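Undergrad: Letter by letter, the chains look like this.
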Amino acid sequence: MIIKAKVTDRIATAVLYIIATLLILLLILFAGYIIYQGKSKLNLSFLTSEPNSLEAGGGIGPPLFNSIYIVVLSLAITLPIGLSAGIYMAEYAKPTKLTKLIRFSIEALASLPSIVIGLFGFLVFVQKTGWGFNIFSGALAVSILNLPVVTRICEDSIRNVPHSVKEASLAIGATHWQTIIRVLIPCAIPGLVTGLIITSGRVFGEAAALIFTSGVSGYPLDFTNFNPMDSSSPLNPFRPAETLAVFIWKVNSEGTAPDARLVADGASAVLIISVFLFNISSRILGKFLNNKFAGR
Amino acid sequence: MSKHRDNKNKRYFKNELLGKSVVTFFGVFLIILTISLVFFIASQGLSTFIIDKQSPFKFLFSSKWDPLREISKGGPAIGALVFIFGSISVSAIALLISTPFSVAISIFMSEISPNIGRKILQPVIEIFVGIPSVVYGWIGLTVLVPFISKLTLTLPFIDKDINTTGKGLLTGGLVLSIMIFPTIASISYDALKALPRDYKEASFALGATRWQSIRKVLIPAALPGMLTGIVLGLARAFGEALAVQMVIGNNILLPKSIFDRANTMTSVITMEMGNAVTGTLEANALWSLALLLLIISFLFIVIIHKIGAKGSFIK
Amino acid sequence: GSSNGGVISISGSSALLPLADNAAKEYMAKNSGSKITVNAGGSGQGLTQVYQGAVNIGNSDVYAEEKLKPEEAKELNDHIVCVVGIAAVVNPNVKVDNITSQQLIDIFTGKITNWKDVGGEDKKIVLINRPSNSGTRATFKKYALNGAEEAEGTALKEDQSGTVKQTVSQTDGSISYLAFSYLDDKTKALKLNGVEPTSENVASGSYPVWAYEHMYTKGEPTGLAKSFIDYMLSDDVQTNIVPKLKFIPIKDMKVKR
Amino acid sequence: MDKNLKIFTKNLDLFYGTNQALKKINIQIEENKVTALIGPSGCGKSTFLKTLNRMNDLIHNVKITGEVYLDNLNVYEQFDIVDLRKRVGMVFQKPNPFPMSIYDNIAYGPKIHGIKSKPKLDDIVEKSLKNAALWDEVKDRLKQSALGLSGGQQQRLCIARVLAVEPEVVLMDEPTSALDPISTLKIEDLIDELKEKYTIVIVTHNMQQAGRISDNTAFFLTGEIVEYNETEKIFNIPSDKRTEDYITGRFG
Amino acid sequence: MDKNLKIFTKNLDLFYGTNQALKKINIQIEENKVTALIGPSGCGKSTFLKTLNRMNDLIHNVKITGEVYLDNLNVYEQFDIVDLRKRVGMVFQKPNPFPMSIYDNIAYGPKIHGIKSKPKLDDIVEKSLKNAALWDEVKDRLKQSALGLSGGQQQRLCIARVLAVEPEVVLMDEPTSALDPISTLKIEDLIDELKEKYTIVIVTHNMQQAGRISDNTAFFLTGEIVEYNETEKIFNIPSDKRTEDYITGRFG
Ligand SMILES: Nc1ncnc2c1ncn2[C@@H]1O[C@H](COP(=O)(O)OP(=O)(O)OP(=O)(O)O)[C@@H](O)[C@H]1O
Ligand SMILES: Nc1ncnc2c1ncn2[C@@H]1O[C@H](COP(=O)(O)OP(=O)(O)OP(=O)(O)O)[C@@H](O)[C@H]1O
Ligand SMILES: [Mg+2]
Ligand SMILES: [Mg+2]
Ligand SMILES: O=P([O-])([O-])[O-]
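Protein chains in written order, with this note's numbering: chain A, 201 to 496; chain B, 2 to 316; chain C, 74 to 330; chain D, 140 to 391; chain E, 140 to 391.
Please keep in mind that the hints were generated in silico from the structure rather than gathered at the bench. Remember, predicted model here, so these are calculated numbers, not experimental data. Among the clues, some could well be false.
If you want a taste of the chain B side facing chain C, the calculated C-beta under 10 Å gives, among others [to be verified]:
#: 1; residue: Asn16
#: 2; residue: Glu17
#: 3; residue: Leu18
#: 4; residue: Lys21
#: 5; residue: Asp53
#: 6; residue: Pro68
#: 7; residue: Leu69
#: 8; residue: Ile72
#: 9; residue: Gly76
#: 10; residue: Val146
#: 11; residue: Leu154
#: 12; residue: Asn164
#: 13; residue: Thr166
#: 14; residue: Lys168
#: 15; residue: Ile253
#: 16; residue: Gly280
As a list, the in silico DSS-like pairs of lysine-lysine whose alpha-carbon atoms are at most 27 Å apart [to be verified]:
#: 17; chain 1: B; residue 1: Lys217; chain 2: E; residue 2: Lys163
#: 18; chain 1: E; residue 1: Lys380; chain 2: A; residue 2: Lys206
#: 19; chain 1: B; residue 1: Lys161; chain 2: C; residue 2: Lys189
Label pairs and their calculated CB-CB ranges [to be verified]:
#: 20; chain 1: C; residue 1: Gly126; chain 2: A; residue 2: Ala276; range: 49 to 59 Å
#: 21; chain 1: C; residue 1: Ile178; chain 2: A; residue 2: Gly257; range: 49 to 59 Å
#: 22; chain 1: C; residue 1: Glu222; chain 2: A; residue 2: Asn425; range: 47 to 57 Å
#: 23; chain 1: E; residue 1: Ile321; chain 2: D; residue 2: Asn143; range: 37 to 47 Å
#: 24; chain 1: B; residue 1: Ser258; chain 2: C; residue 2: Glu222; range: 22 to 32 Å
#: 25; chain 1: C; residue 1: Lys329; chain 2: A; residue 2: Ala276; range: 50 to 60 Å
#: 26; chain 1: D; residue 1: Lys278; chain 2: E; residue 2: Leu197; range: 38 to 48 Å
#: 27; chain 1: B; residue 1: Pro221; chain 2: A; residue 2: Gly257; range: 19 to 29 Å
Note that beta-carbon positions come from the ideal geometry of N, C-alpha and C, so glycine has one too.
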């Protein structure tokens, strides 16, 4: 009997090891394949030049910039709101109906398909405001997508600060708010930063919510123009623009350039590499901040 | 004395009340945001039934979708059953494929080799989460679709009349299963990790093997958490748009087998919204689909809470 | 060129996007004061938005009358900027080069399901279709299928042009249709009744499957919108960009509809 | 025991939800004395300690009836909570320095209470660290993280942090239970010095420690004070059988 | 102390990574006796206890040298780990019932070891609960969740769970430290009964408990056994100054 149990144990362990190995292999294959397919495009001129629907040799400069720009804008929107809401949920929320409702809202927002949020953005930010497709509307839409995640991250990292530290501050006569601002948030920073970088990665790759808000195409930009009010400045948030992920989708569904496939491969490789970069930097930064705060 | 009071009030305002009010406002803002989302989507989505006087019953249960059909040929039809059925079945397939692997991985990470789990698998899972859905779609289209196409052509038991493009329910389900795998895996990993060490220790101390402990003690104890992960994975599969749209074949007929082409709610919205004229029945019907998606995703949350409540009953 | 400052926005047909986009780039390069934003979104959106005044020019693959209510369409001014030709395409492995109208109709209505019935080898025909609101499909249905409706129960298979190209190229036995701008050696364009689907044949009138591409304005165009549409019709665009993108210049057309 | 009363309570009851954790506590705590609270786990020692600086206000389903007086003022009615906590400092079981520099840990309290001048802060930091017998060990590394200190040093840092806001009463909840014997001794010595200036209330599970450092001892059992007296009497001639049982280790 | 040896160790060293937690432990544990392990926090009591049923195998960076013998067989070489743990049961500090019914908790072990017959299981459950002095309290609610029991009942349930697999040795790591006085007494009585059939090794931080229930006592300090002797001798005439200091509460 014991022998049988032990054999089962061995078999189960072996199976689990095999599955784990397969998973790792799958990722290596997946990422390796994408990067391999796109490697001929991994050069500076591809990364910086304009897309071209007429001839081969177009690049992904503006879409790449737009993706980054939307990440920055949406962080600028979600961080203050998400941090505030996270502080509220972690520190002030009493177990009342209101709290329950907020909690439900966070969960509901988090579970909404991004295309539904895209349509909402289309209706409200694009049509009702009369702005048309524009980056800012896109940033707002992905912010809605991201807000519950950011709120959760902020709430969790504040909650993860040891209770003893909070008690210490209160026991000295600090108000609750002073404790939050001066002790809890600084303590929560390592967790916050890692979480935020990872979610930024998700914004970077989002497409469905952006197709209907920031649009699927842009117009030529003047990368020497830093006046955000000027319509040809890349910093102008009220211009239509395609992000890298949207660009891949578009090239795939209606690309006319002769090298459309290669361009999509190259852009995918860039996206995958960005995901790696987001991950690695969050790890490194997280470790660094943790060490810094732990005084090592 | 009263000056002292004043100062004190000012200080209290600055050091506590102001901050508290601001964060409370943003907490409440989340409710407002959710309500306005529901309101706007509903206001569009309901006009199909209120303004265009279409039957909600037909919308849900008829499979004839042709919003532009001329009056002479029977007038517009907006039966969404094909899409609803497609969304459900493609998510179900994804879940069936993904769940065993995800749960296995979570067990591996928490119980078999926490070291490999933390150092290798966790980053791997995070990267899988981070890969944009268009990339999944693109790989699905360029690698999986030709592969499945070959399969449908060569395998003897597949009815060649159905579909040999390689696009279809199975392909969509496979792509989705990779996409939702990290969600399920990481949540069930958390559920396992959250179990007190006690359970494992107690079981080992009684002479149970590792697998016995996992199967008889740990999995039952972590089940509510795992189910939550599975429902969230399902929700994610249900809501995914582009990756599915690229590989499912977008056929407006009920699929005859898992190799057949199908369509989903998200997919048809993605493809047709741009060409629909605002305010027409066609556009309104697409909004109704969006409303339906919203309702279903809220349902998922309710289900998760039911599971959670059951879980807390055990504890 | 004439310096003509101002800002306009254009949106609509995704088929026309590359043309409008490239022309706009050229135009702005020549007229540094002007800003033209071109967006896709679909013909439906283009028509809606130009009617609502949200954009200055709405691009469409189809006549406004086919999408909007008659009283709405009346307010719009049509500017035909070029012609798009549409070809039936098959997977390169299909051993058929020519097809008759009747055969095409039979295939798309589900009467013929094997290539051997149209002179090819014994191979199942895989139909790949476009959404019912696609301009390409409307044109193909009208001029290649003579308006024939798919037989009840036959699949309506949806996809977008780029995906159609990709799918046809990798699915043995498949058939679909694409605008000329998507044609390359990944798919094989079929002769229709012996006529090759080329721009020359469209222009001469011997190849019938084509449609006008429209730029709509609300009322008479003014300012930059007017000069841009004029530019679209100028030789600059018509002899350079239009043929490069495999559209057919208006002035080449020896037939009219 | 009536002279120099610093704190006293009147019929203090405390409920966590419906669960009564303190029952009719009446205790009088003398100024500049060390009062020890002993009793088995869960008897309410920590809970009682926290009623004195209203740390229980943090927990929402707590209900308190009865009164607590500090210098004859009702702690729950006549005090602003910030003032109260400034006057009644607290040291916890596990050292809990903030993850900041040693200097910032000490300066935190004074800053919170409005002191901004750098020289003044420097002064307070030095004085508090000296009072907590830590100055010599850390004076060269004030800018380094407090988390790099040893457990015993951290606990003295926490004491210094409390002293920096110039409290009158210092509450200590098992301050040495996480420390090694040598650090424990240092803290015990420190407590002995501090009682000259401060009133100290200390919870300990170590009977011998209570015997060594306290002047008065209260024995808690399931939320009640069974016996309260001079330490010497409690340990040598306990008047209650349960006290005796506990002190001789019959349970707990 | 040489007759009826159940367990003995030879130069047992244990390292967590590079940190040595046990140093040259040589101890001889007598059959059907209660052996108490005492010492300050972190001295290695729990660590040592776990070497006896190889629970340390769960932690990956543990390195063990030296030998442990059970019935003259080397625990690390001549035993199958599952057999070993069946013969050497363990009760933990915090009661840790599985989140299942009372019945299933007890039946878990026998089932694991291959017993499937329902009547046989019923029998074992009843016998074990009786042995753990819990039967009367729970016999009417065997199908209810074990998590609904009180702390003391849970701990007895855990003991019953161990007894159900019929061990020879029972290791207990501070089994009463989370319990109230009355439950503690019940468990102490139980231990007294159990030693007729089982060999018991118990870690306790409560010196008086060690005095009350054990036959032999080992005093641990920073990973070493300072003194090991009959309990009476250890408490009355300790031969080592450190033992005396500890027992009289000078530290810890
Ligand atoms: N936040 C809380 N919510 C509910 N009950 C609590 C809470 N804190 C403590 N209790 C309960 O109140 C009682 C007294 O707890 P308290 O922490 O004061 O005991 P203690 O004497 O300090 O014990 P220990 O020596 O273990 O620290 C216990 O029964 C405990 O379970
Ligand atoms: N898993 C582990 N990894 C690394 N070090 C450990 C681990 N477990 C215990 N230690 C260390 O080994 C030493 C002995 O620990 P052990 O738990 O055996 O002490 P103990 O005598 O049982 O203390 P207590 O009375 O607090 O339970 C301690 O210094 C502890 O920090
Ligand atoms: Mg306490
Ligand atoms: Mg221990
Ligand atoms: O250009 P389309 O309308 O066929 O997408």
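Undergrad: Against this structure, judge whether each hint is valid.
TA: Results for each hint:
1. Asn16: This interface hint is violated because 49 Å lies over the 10 Å limit.
2. Glu17: violated (47 Å)
3. Leu18: Violated. Min distance 45 Å.
4. Lys21: At about 42 Å, which exceeds the 10 Å cut-off, the nearest Cβ of chain C leaves the hint on B:Lys21 violated.
5. Asp53: violated (14 Å)
6. Pro68: holds (8 Å)
7. Leu69: holds (5 Å)
8. Ile72: Since the shortest Cβ distance to chain C is 14 Å, the answer is violated.
9. Gly76: Result: violated, 14 Å to nearest chain C Cβ.
10. Val146: Holds: closest Cβ of chain C sits about 7 Å from B:Val146, inside 10 Å.
11. Leu154: Status holds, d = 7 Å.
12. Asn164: holds (8 Å)
13. Thr166: holds (4 Å)
14. Lys168: B:Lys168 check passes; min Cβ-Cβ to chain C is 7 Å, inside 10 Å.
15. Ile253: holds (5 Å)
16. Gly280: Holds: closest Cβ of chain C sits about 8 Å from B:Gly280, inside 10 Å.
17. B:Lys217 x E:Lys163: Between B:Lys217 and E:Lys163 the Cα gap is close to 38 Å, so the pair fails against 27 Å, i.e. violated.
18. E:Lys380 x A:Lys206: The given pair, whose Cα atoms are some 49 Å apart, is violated under the 27 Å limit.
19. B:Lys161 x C:Lys189: holds (16 Å)
20. C:Gly126 x A:Ala276: 49 to 59 Å: violated (31 Å)
21. C:Ile178 x A:Gly257: 49 to 59 Å: violated (41 Å)
22. C:Glu222 x A:Asn425: 47 to 57 Å: holds (53 Å)
23. E:Ile321 x D:Asn143: 37 to 47 Å: holds (40 Å)
24. B:Ser258 x C:Glu222: 22 to 32 Å: holds (26 Å)
25. C:Lys329 x A:Ala276: 50 to 60 Å: Cβ of C:Lys329 to Cβ of A:Ala276: about 55 Å, so the range 50 to 60 Å holds.
26. D:Lys278 x E:Leu197: 38 to 48 Å: About 45 Å separates the Cβ atoms of D:Lys278 and E:Leu197, which means 38 to 48 Å holds.
27. B:Pro221 x A:Gly257: 19 to 29 Å: violated (60 Å)
The earlier numbered hints that this structure contradicts are 1, 2, 3, 4, 5, 8, 9, 17, 18, 20, 21 and 27.
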